[in-house]
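> One letter stands for each residue in the lines below.
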Amino acid sequence: MDFNDSPDEAAYRKQVQDWLAANAPKAQAGGDPEGGDSLGASKAWQAKKAAAGYACITWPKEWGGQGGTPIQTVIFGAEEAKHPIPPNPFQIGLGMCVPTVMTFADDETKKRFVGPALRGEEIWCQLFSEPSGGSDVAGSRTKAERAPDGSGDWIINGQKVWTTGAQFSDFGIVICRTNPDVPKHKGLTMFWIDMHDPGVEVKPIHQMSGGSGFNEVFFTDLRVKDSQRLGAEGDGWKVSLVTLMNERLAVGGATGAGWAQFMEIARKTPGLDGGSALKDGALREKLADWYVQAEGLKHTRNRTMTALSRGQTPGPESSIGKIISAVQMQELGNAAIEMLDQYGIINDPELAPLHAGFQGSVMFAPGLRIAGGTDEILRNIIAERVLGLPGDIRVDKDIPFKDMPTGR
Amino acid sequence: MNFDFSDDQKFLKSEARKFLEANCPTTRVRKVLDDDAQGHDADLWKAVAGQGWLGAAIPEEFGGLGLGHLELCVIAEELGRVVAPIPFASTVYFLAEAVMLAGDADQKARLLPKIAAGEIIGCVASSEGPGALSAATVQATVADGKLSGVKIPVTDGDIADVALVLAKEGGKLGLYLVELAAGGVTREAVKTLDPTRDAAKLTFAGAPAQRLGAAGEGLALLEQVLDRAAVLLSFEQCGGADRCLDMAKEYALERYAFGRVIASYQAIKHKLADIYVKNELARSNAYYGAWALNTNAPELPVAASAARIAGSEAFWFASKENIQTHGGIGFTWEMDCHLYYRRSRQLSLVAGAPRVWKERLVSHLERRNAAAA
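The listed protein sequences derive, respectively, from chains A and B. Quick note, the first sequence lines up with residues 1 to 408 if you use this note's numbering. Quick note, the second sequence lines up with residues 1001 to 1373 if you use this note's numbering.
Note that these hints are calculated values from the structure, not bench results. Everything numeric in this text was worked out from a predicted model, so none of it was measured.
Distance windows between CB atoms, simulated:
(1) B:Ala1353 <-> A:Ala78: 34 to 44 Å
(2) B:Gly1327 <-> A:Arg394: 20 to 30 Å
(3) A:Phe168 <-> B:Asn1296: 46 to 56 Å
(4) B:Gly1068 <-> A:Ala232: 55 to 65 Å
(5) A:Lys203 <-> B:Pro1298: 49 to 59 Å
(6) A:Asp375 <-> B:Val1261: 16 to 26 Å
(7) A:Arg385 <-> B:Ala1353: 28 to 38 Å
(8) A:Asp18 <-> B:Thr1026: 57 to 67 Å
(9) B:Asn1369 <-> A:Phe168: 33 to 43 Å
(10) B:Gly1327 <-> A:Asp8: 45 to 55 Å
(11) A:His355 <-> B:Gly1259: 50 to 60 Å
(12) A:Thr374 <-> B:Gly1259: 26 to 36 Å
Incomplete in silico selection of chain A near chain B, CB under 8 Å:
(13) Val292
(14) Gln293
(15) Ser309
(16) Ile324
(17) Arg379
(18) Ala383
(19) Pro390
Glycine residues also receive a C-beta, built at the ideal position from the N, C-alpha and C atoms.
Model the full structure from these sequences, guided by the hints.
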């Protein structure tokens, strides 16, 4: 048991380090982590990585990868993070959308899209969640109907929501209802679409935290060719499972202030008796709990990497991350603002500690507990897929979609 | 990255599981539970000695197998899984570790081979009453090689041959080895929450005592021993907590209520998912503790604290929610749920309660940050 690279891994790490030293950007491109003004820098960096085979290391060489291993991807990511690289808006496309295209599209389509996506020339987004169904993706209502002109084209109408990166995406994959007369899982079909089509309208969502990292996407008589269909008509659910299988690789964990920042601020903050708040036993106990959780997650990741390093499939333990980290972000942020007492209400980065980082955690954490699988859905996943407990009883399973009870 | 046990260590673990499933079913644990006169399962103790486990981490020159602490960790997990009613922790995690850490050549040669062979049982006597242990709470004294004072509770104190005792000599704290049969010692069994791991009140009245390690270093040395024991105990906690999850799962899958298995209700599914998450956090912290213990890393005090806190939390949560999942039958003497509930309390308290470890952890982190600043 150790934390060392195998000889092969060490050699690969050295190769990556040398390449990064020669090629990585020397200074951080500015600003908006969601893309925005740094998009040009992101695209330039992606193109460099693609040219050297580092954009999608595990992909076959014929598609621009290295035919490499997951642990090599991990090594590259760890080394890349040591450099001031721009944000990566390509992850959803390359991690989820393009693999779906590669699995289900014809050769011509694959040739058209894989290269530009790999090089960062074109960005993809994933259009699954809807206002009426976030956790229940199979309940999607966005309609795709055959055009009445007999061309075989499809006309899409409806709305998606919480679409990350839609505002700067060139293409997307969208799951649509093509047959409302059969049970919900059987009447779905997947398409790729051009996000620049006039039938697509992207509107930013104003989050409760104040930011706008996600979008609503409206389709009004969006016409797509039948050749844009991914998988058979009615097989959209199966196709989406391929997409979502890759999701855990593409979605990251919580960021924000952790136990170390809390401890440092507590040291400088007056506590109950006028001394340091870090002397408060209640806060010390919380600090210990957060540290133990953070270490538990860190070493769970190390166990996952070990499985990858040994050429094994990681165990189910890798599924616990967000359940812990999102709740901790909320609780730690709240304990911090309560420690600041009346002053904790101040959300001005000029006045509040860590540029109002704890206030930021309090306001962003509710979203993190929902995004990419709610706390509740993640518990269902652990219960069903890890522990082998039965799925929930589905009252909507065997009735036609159009007869399903709906709320607001 | 190689943050897992080796194939050999995993093989040892699976062999240990087979051995213990055959030799330590809960029917045998219950014999110790139900018989006040029986402090441990002496036959199992002999069998475990026969497997060489008592000397797994003891060097070959002292009669051990000369394996590392990682091997001891996998054995500990399996012992925890079957709530083994034997003085393994007292003898191996505490006494043997203390002697290996601080013993002189003579003490090592005298004690380690006997521990490895299963010829002596150890115990650690530090507590003297309610509340957290500190230098101020220690009244036991040594003068002219004779120990006087009262220690309560001493796990396995009623069956042990050698005690490791925290006492003051000339106002300085030291750790002392006391042969319990040599006279000057009175033992009284005390009732405990976990009768499968007995405890006693030891009264010393001029008992011959030999210092282990340097004078005045008693508390520091005890803390080092506790760090090592904490990692090993955390594996017992992981083993017990995982067994509770298995029991809860098995029961939930066969128990029907309102016309369906209770495992199909989200209230139960989410409860078991929460147990799983805590168990995995405990396991990952325990692994890091195992690495630190095996390599004698400077991170050991922090890693051991985290392992102990996570292990205590996981086993407590799993053992209580296992009873809850079982419903009424889980509250009966005949169901095994309470064996794990009892053991979770024993393991959480025997090397100092989690709140003490949380304070130690934060103190270490403060010092580490101050040093880095």
